[in-house]
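S.K.: Chain by chain, the residues:
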Amino acid sequence: MFTNFFYQIKEVGIPVSPTSFLMLQKALSMGLIQTLDDFYTAGRSILIKSEKYFDIYDQVFAHHFEGADMPDPKGLEMDSMMETLLNEWLKDPKALADALGVDESVISKLSPEELIEYFKQRLADQTERHDGGNRWIGTGGTSPVGHSGYHPGGMRVGGVSNNKSAVKVAMERRYRDYSRSGPLTHAMMGEAIKRLRHMKPSGPKDHLNIDETITKTIKNGGEIELIFDRSFKDRLKVILAIDNGGWSMDPFIPVVQTLFDYARAQFKDLKTFFFHNTIYDNLWEDASRFRKPFKVKDFVRLDPQTRFIVVGDASMAPYELISTDGSIDISYRTGRPSIEQLRFIRDTFEKTIWLNPLPEHTWHYTQTIHTIRSIFPMFELSLDGLENGISHLMAKG
Amino acid sequence: MSQQFTGSTRYILDEELAKIVNISMILEMPLLLKGEPGTGKTMLAHAIANSLNMALIVLNVKSSMKLVDALYQYDTLTRLNDSRFGDSGRDVSVIENYIKMGKIGQAFSSDTRCVLLIDEIDKADTDFQDDMLDVLDQMEFDIIEIDKTIKAKHRPVIIITSNAKKDLSDPFLGRCNFHHIAFPDPKMMQKIIHAHFPDIQRDLMENAIGTFFKLRELNDIEKKPATRELINWIRALQADPDFKPKKLVKGEVPYPGILFKKSPDYSRAVNHTRRRLY
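As you go down the protein sequences, you meet chains A and B in turn.
At the far end of the first sequence sits residue 401, using our numbering, and the numbering has no gaps.
At the far end of the second sequence sits residue 697, using our numbering, and the numbering has no gaps.
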């Protein structure tokens, strides 16, 4: 039973094992699962082993049992899409009215909040009509032993009233914050900091400590005992270069800065620089990019072991990157094209990465991302991306 | 099936979790609980033991712990002493007299079914975790010194908690049921507070919870205050004769040190409340 459901879970990339699926079958055959709600909870606790996947489980569940949209494996968020669409349409009420199939005058009477509500309503209608027909027949309600009804003497069942169906619960997507993909948010700060903890050098214990070995051997009465130490390594130096120019970067700057500030103690040195869109002759130490320039040339004087991390969306007009006087800032004329400067930085430091808050599957739409990716290894600014990026920075050789 | 877990007087159980606990008990699988500190992971085991009238055995995992410590201990020192002074009445030649059961051993040899809480499993290294799950899977272990196998008389109800400092290994996860306890929402929190302070004034409770959730939403807080902090804070507010619940509405936050325990968090919170006051 529910083999399809199992494979759907597997397909969207949640690690599930056949053993746990068999365990779920056992639970089913023992009559532990009476309703769809039970199936939702039991299925989740038996199959899904990390809260990171709860959100995507919710989506698959909603799809399988209610025909809701399958989670796009590439993770394009419905809400963010809706928001951009709305923002776009708000500028053009006529187009919006056409799209929703109502008169423009109706739209103009609605406040933005009402409009969003209305829009959501329409979208919801859409899902309901667009029913794929793979519903499970006989959902819920038939169980003779309702959980909420059972009160043994002297005991209190607290908790939330459960009027919602499992599908609705699943569609609420309560676990979105724990999901691994999608841009970094404050809610994930703790997890993200843990990823950064990997930025500590730790070699194998392969240095022979001679003094200690002699002392131990004497104590053992001549029986040789070798004492090894971890080979000594210095803590890391990190340079963080943040694109704080365009509005597109705004939501991510405080997150990134807080992230690295909290991790500051584990670095030997953390420098933060700012730039707009891409790097020309200078980076700035102040966020207003005005008072304290730092010449890119001067990077050669820094320790080449420094880990250089760029945070930016890498999206701009191609000429900003390639032409000699590329900067969109008129007052700022440069000698070398930005692309040269980027290559220079890459060659100066042994380990560099570029963290991009844009979702990875949108990268191939932007030409400059392509170009920059060919220079810097680029990672998504998400928990997964951060993890991969850090392991790239810490890789040997 | 005869025993179902429905919650206890001090512990407010949400329905979803109750289902999961019951299913795990019947399937005889350990239940792994993750969640922020203060979401009541440890309290759950206490509540289960309490309401089902079972004994609770707690194994507090430490980073230096070896599996054998959790199973049994061979007390060689006492044996040596006994053999030198011979005044204890124990027979020195019987090694079994010097075997002491560890927490898992106690749970296995208990005459009635009990609840075994393995607290903060993530502190130990992965080998410990995997080996322990082997033991819990097979419900038996060997005492090497006396060549004897200890089998569980009754399968204990096993609750494992993790603060997720490290990711647990896949084979480990494969053998557990899993639940992540989300932080309670304000409504749930009211119930929890009510369970702890049955005769708390209504306005104090509402204002305190309101302020608490506002403070939790502050940006850039590393360690957010949890339920435990809120309960202690309310206790402090109640103990203060000068305190009026109205002060909270105005944005005053007395005793911030109870809620925020890291100094950057503390100063951030204090700054924030000051800004709101003036």
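Don't take each hint at face value.
Unchecked claim - Calculated lysine-lysine pairs in the DSSO-like style (CA-CA distance at most 30 Å, straight line):
#1 Lys56/A / Lys572/B
#2 Lys485/B / Lys223/A
#3 Lys272/A / Lys680/B
#4 Lys633/B / Lys30/A
#5 Lys681/B / Lys220/A
#6 Lys481/B / Lys56/A
#7 Lys56/A / Lys606/B
#8 Lys241/A / Lys485/B
#9 Lys272/A / Lys681/B
#10 Lys241/A / Lys542/B
#11 Lys680/B / Lys275/A
#12 Lys572/B / Lys30/A
#13 Lys570/B / Lys241/A
#14 Lys643/B / Lys275/A
#15 Lys606/B / Lys220/A
#16 Lys570/B / Lys56/A
#17 Lys272/A / Lys572/B
#18 Lys642/B / Lys272/A
#19 Lys542/B / Lys272/A
#20 Lys643/B / Lys56/A
#21 Lys272/A / Lys643/B
#22 Lys241/A / Lys642/B
#23 Lys633/B / Lys56/A
#24 Lys481/B / Lys275/A
Derived from the structure by calculation, the hints contain no laboratory data.
S.K.: Does the structure break any of the earlier hints, and which numbers would those be?
M.R.: Numbers 1, 4, 5, 8, 13, 15, 16, 17, 24 - these are the hints that the structure violates, sorted from lowest upward.
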